[in-house]
Amino acid sequence: MLDQRPNRRTLLPSNVRRDGTRRLHSTVTIACMQAEFKLIKKAMMAFFFSVTTPLGIVLGIAVSNSYKVNSPRSLITEGLLNASSAGLLIYMALVDLLAADFMGAKMQGSMKLLLKSFMAAVLGAGGMSIMAIWA
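In the numbering used here, the protein residues as written are 143 to 277.
Quick caveat, the hints were computed from the structure, so don't treat them as lab data.
Watch out, some of these pointers could steer you wrong.
[Said to hold, decoys possible] Restricting the straight-line Cα-Cα distance to at most 20 Å, the calculated cross-link-like pairs of lysine to any residue (SDA-like) are:
id : residue 1 : residue 2
1  : 248       : 233
2  : 210       : 191
3  : 254       : 241
4  : 254       : 242
Start from the sequences and build out the full structure, keeping to the hints where you can.
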């Protein structure tokens, strides 16, 4: 059985991941609400949003008996899934969130605000890179 007791080394990254996931979900939810989809599409999206986590848990329990942590197949699979997840998050951050903020009229009108925002984005990316040490 896995050790589930929190410690300083694992508590911070897990909280950061959980909070980041919550922010991502709220961002996606707001984007879907703004898109003004038809009722049937909203219902389908809500259904799939609510069943994906339980299905993932069931799948994880089902494969837990045959899962070998250090086998080449599991390491490659985990690496590919982590890379695709990271790619999706980076795409959302850069294309959906930052691009919209940096292309606004208020931002384009002030070079000082643009530089401050750019520095904040770089510092944030650097901070998240440092946080990756614990992940």
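TODO: For the pair supplied as a hint, residue 210 and residue 191, confirm whether the alpha-carbon distance does not exceed 20 Å.
DONE: violated, 29 Å
TODO: With a cut-off of 20 Å on the C-alpha distance, tell me whether residue 254 and residue 242 pass.
DONE: holds, 18 Å
Open item on the list: Would the hint linking residue 254 and residue 241 be met if the CA-CA limit is 20 Å?
Closed with: holds, 17 Å
Open item on the list: Need the status of pair residue 248, residue 233: alpha-carbon distance at most 20 Å?
Closed with: violated, 23 Å
When the structure is compared with the earlier hints, violations turn up for hints 1 and 2 and for no others.
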